[in-house]
Amino acid sequence: MIREALAGKRIFITGTTGFLGTNLLERLLRTVPDCEVVLLVRKGKRSSVEQRLKREILNNDAYDRLKAELGKDEFAAMAARRILAVAGDVSRDGLGLDDAGRAALASCDVVIHSAAAVSFDSPLDSAVEINLMGPTRIAHTLQDLGVTPHLVAVSTCYVAGNRRGSAPEIHVVDSPFFVDVDWRAEVDGARRARSDAEAQSRTPEKLADFRAQARAELGAAGTPLLADKTEQLRGRWVSDRMVAAGRARSASVGWPDAYAFTKALGERALMEERGNIPVSVVRPSIIESAVAEPRPGWIRGFRMAEPVILSYAKGLLKEFPGVPEGIIDVIPVDLVASAIIAVAARGPLDEPDVVQVASGSANPLRYKRLVDGVSEWFGERPIYDSSGQPIMVPEWSFPGRGRVQAQLERAMTLLEKAEKGLQALPLRGEQAEWSARIEDRKAEAERALGYVELYGAYAECEAIYGVERLLELWDTLDDDDRRDFCFDPRVVDWDDYIREIHLPSVVEHARVRLAPGKRESETREDRLRRQVLDPQRQLAAFDLENTIIASNVVASYAWLATRRLPPVDRARFVAQALKAAPGWLAQDRKDRSDFLRFFYRRYDGAPVDQLDEDSLEMMSQLLLAKSFPAAVRRVREHRRLGHRTVLITGALDLVVKPLAPLFDDVVCASLAIDERTGRYKGELLEVPPTGESRAQALFDYAAAHDLDLSEAVAYADSTSDLPMLDVVGFPVAVNPETRLAALARKRGWLVEHWSKASGAPAPTFPIAPRARSAASSGGRR
Amino acid sequence: MPRPGFVLDVDRSTPPILFHHGEQFRLEKLPAGRSRVIYPAEPIEALDDPDAAIHHALLHPLGDSEPLPALLKPGMKLTIAFDDVSLPLPQMKAPDVRQRIIEQVLDMAAAAGVDDVHLIAALALHRRMTEDELRHALGDRIYDAFAPHGALYNHDAEDPDNLLFVGTTKHGEEVEINKRAAESDLLVYVNINIVAMDGGWKSTATGLSSYRAIRHHHNVKTMEHSKSFMDRHSSELHHSNWRQGKVLRDAGIKIFQIETTINNNTFGHDGPLSLLQKREWEWTGRDRLTFLGMQKGLDAMSAKRRRQIFMGWRAPYGLTSVQAGEVDAVHEVTLQNCFDQHLVPVEGQTDILTMGLPFICPYNVNSIMNPILVMCLGLGYFFNLYRGKPLVREGGVLIMSHPTPWDFHPVHHPSYIDFFEQVLADTTDPKVIEATYEKQYAEDEWYRHLYRTSYAYHGVHPFYMWYWGAHALQHLGRVIIVGGDVRAVRRLGFMPASTLQDALEMASDVVGRDATITHLHNPPILMADVS
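If you're matching them up, the sequences are chains D and X in order.
The numbering used here applies: residue 1 is where the first sequence begins, and numbers increase by one.
The numbering used here applies: residue 782 is where the second sequence begins, and numbers increase by one.
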């Protein structure tokens, strides 16, 4: 009957890139062979509607079955014949349709609106634009076009709000518990909240805050990067404000979150604004993986329960609030798609009707049963951690939401303090990774807290959604329809569904380790290292200090300055240097190039010839003794691969000259020379290559040698080198200090831990052994 | 009268035997009934008046040579080459023999009115000597007189402007040496012949040469046919050097060879280390206490501090002979003098050879004994301290004791680090290593730069260390290192054992339970004359 009813019909569908939309479209194409579909697809930032159709819709594994049945060519032909994609956007008036799109919409017999901002933590205004205004905009557009197709609007059971007891299939305004909220005022309010937040984010106090945060995160990374970060932080703050506004507003009028709240008002608005358009509302509960169609376990994207389940299986989520005997209203996606198709095939009733697709009343799944099923399943098939050890799943005690929340918040505060403390310490390399680990833990706690805040309400929700109309509709179906378009929630065997269908699918999608032992395949580091050492790369740029040698400009100055000092003066020099060191460090942290300018003035009046000679000796006694052999090896590996290698450092040319043969080129600071006296002047010839001028140096260098920076590798150790790391395609953090370690981890950069040769003779204070004669040792002619 | 070296059969009453263990020591009980210990000879009598002996040798040359003063003419070009810091081991107490000899040579040159004199450290592909090391070898007077004017310097085997291609041997071996030395009217070469491997034509043909020439004998094939390289007349290494020497001689390069031998007085007759050259059952109560204290003290120190202490040791060697003149004639006498001190007659081979490796080898003076040098010292130098047959039978087991830390000197041994990380991680087969990697390391610009301007061994040097052990690798059934860093030992391709007992158990897989054991009680140096 359904197939016949829809034969020859054109169906307009929104939201087909989503979870439900994908399943729905696939079923229409496969099971209702004689209908045509018009899809409303938003243009991507970089992709056209056709590209999105191909990549994001028809490429999904949901179509594997149909492709196998038809063959690849026939599938393509069928798609070309039956699918028309039009560009548009439900958050714009008139749906953003062009004339062709409007004509296509006008030619349709049924409109299925399944596009929604389903994320529970959408910013209030975007939830309002899509969920609240979306259905109304469709109705208005149809009225404009002067057509009256059957509009099937997909909503959610949770429009009934946070409440106990039965929630039948009635319009929201008809519910005795409905708080009378004017949807127009909500739309205005949401839009104003956005502009208020935007304005507030631009106040001097807030901007100063963002700048301070950016600085704390990136350190002395240079103006452009700090500005970029500051703007990002501002944007995120506004967005967070809007999320908070959504949560607060929803809670204040009795909905679990902005999603349910805006959906409820969306239904109300549609009822008011529908005019002569015949409307049906289909309300699913929590949609999860398919029980049968197109195959058991099919799922798209990670939804609500999956991240929670995985966090639990990984041992991250130790507690989750919920009432053991409470009902978790889960409904497989294919049941929902069937119900929508059945409603569309049935056609509109005289008055707008509501159909709920839920399991809670007809075939309830108790929370405890779900938790037991999950814990048993993972007990039998544990997930393995990165070192190949099985993870034991924690036992749940079904605590109240408040307790779990408080626990997690305490953990967060503690971790935040630890992180701040670590960042203040001058750590490097492996130690700096501690902070990365803490950050991981923090992210985990943060996520867990997020789940608890977002979904806790659902786990605790004790509303029972009635499905009388759904079952009435079921009763009208013949056997064929019942086979092909099953939406009877009573058919689901929950134990079987959890154990055999849903969990295997979740685990498969999560790409977690299911077998013990060390991973045989290439590790992430190996892969990144292989990319870095790909012959295709063109350029490798290296920082010097703490990237190739564990030394700095102060040490080399101390060495050179003491080389010719008599013993008494040496002691005085050491004392003075130790006294001044903290000041130097502070200045260096604040602005590297200012520090260098200031510091290099000390070379004023130094004899050029003598320093050249001494610096050659310093290479052996200080630089090479403190070098990282693996770093030197890496430079040479790049050269062997035909990459151009360049050293970019704020150190002086006279210091790095003996290291120059290691590289193809050296970009460094150089002092002016007084030709008359043969002595250095304490002035730099050019801006030293530090911070953003280092990025500029790299740009210039790449341009001069016709190299592509996206094919370049850069090695550096500190966030002050971020500008350089940021402009290349393959950044590598070497022995990173805490902040860079955290950044590198976040951005997926290769991190190398290079150390001095074990047993290297490393002087604690860089004092030169005194030159005993005019000629350098072992001097040659 | 110093007692000669001898072989002790271990019985129940034999006390634990001393094993050198890097900068530490172990006392090991060897299984009675099947073990023997070869002891070196006690230090033979030193010359009463070294300076007089030197003077006598310069005036009474051996072979076809005039006395030195007769060879010195005004206006001539004179070059004095001398052995580098790799000799002797450990360094000797000042004044160094080189200083004593060169001071006399310079006096004679001055008397003859020679003013174009250069002094060159003949270091081949070794690292350059530092100012302190040159001052120790030659004395401050010579250093201050020559170094500031650029007349005292290290040989540079990578300086194309200062190398002279001399010719090719009938075997096709190229000969190239230091240009200044080759073009001098007289080349005086001053040797310290601590073992029989040193000196002869090898001094000039290797010491003043370049990779181009050295590669003809520093290779796997040559080393596998040098049985042993301590025995000049059975050593392909030396045959090749001698052929190159003939090319030098035929090219008219005039060489006045001075060779010296020193006795076994490495650790002194008194002082804390003296017990190292005593036989264990002759240790006094005081010796035992000293040993215990030393052992505990060393164990408590950092590796860095231990190295410092041992590198500071200056051996009170006595000069036992000095001979000068024509190369071959001089060297034959030198060999005999070496053997007089070192040779110990040993009857028959053994199944298991044990040795304790000391803190020093030719390439870690003032530096670090890295794992590659451990291999070279054990399988190269100590294994080859034989004449006739190797001490251990073919297919036998070598057990060495050394901590073998994964430590490297980044300035002295940069190419070693890469060799260890890249080459040995791939293979330990000398032939494969030679064929696959040698050229790349030998011609590497960065290593070349470090060799020439810093204090690095040449890029190819770690390869030679590995080739030095090629004969042993071919000969032995298994190599076990006791008390070594497990990862480093495995990287070398050897088996790590925590105790000698474990090592002997592991050896029994190869040579059975009743295998015979011989311990090479070295240093002080001994050379086994195996019949």
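Source of the hints: derived by calculation from the structure; they are not laboratory data.
Predicted, not measured: the structure shown is a model, and the values here were computed from it.
Cβ coordinates follow ideal geometry from the N, Cα and C atoms, glycine included.
Hints may be right or wrong, so weigh each one.
Mimicking EDC-like on lysine to aspartate or glutamate, the simulated pairs with C-alpha atoms at most 16 angstroms apart in a straight line are [claimed, not checked]:
id, chain 1, residue 1, chain 2, residue 2
1, X, 1008, X, 1202
2, D, 756, X, 1188
3, D, 756, X, 1202
Partner residues are not named here, just some residues of chain X that face chain D (Cβ under 8 angstroms, in silico) [said to hold, decoys possible]:
id, residue
4, 832
5, 1005
6, 1287
Interface hint outcome for residue 832 of chain X [beta carbon to chain D under 8 angstroms]: Violated, because the Cβ-Cβ distance from residue 832 of chain X to chain D comes to roughly 27 angstroms (cut-off 8 angstroms).
So if I understand the rule, the pair passes when the alpha-carbon distance is 16 angstroms or less; does residue 756 of chain D with residue 1188 of chain X pass? holds, 10 angstroms
For the pair supplied as a hint, residue 756 of chain D and residue 1202 of chain X, confirm whether the alpha-carbon distance does not exceed 16 angstroms. It holds: about 14 angstroms lies between the C-alpha atoms, which stays within 16 angstroms.
Against chain D, with CB atoms and a cut of 8 angstroms, does the hint on residue 1287 of chain X hold up? violated, 27 angstroms
Do the alpha carbons of residue 1008 of chain X and residue 1202 of chain X lie within 16 angstroms of each other, as the hint requires? violated, 30 angstroms
Does residue 1005 of chain X pass the interface check with chain D, least Cβ-Cβ distance below 8 angstroms? violated, 30 angstroms
Hints 1, 4, 5, 6 from the list above are not met by this structure, while the remaining hints are.
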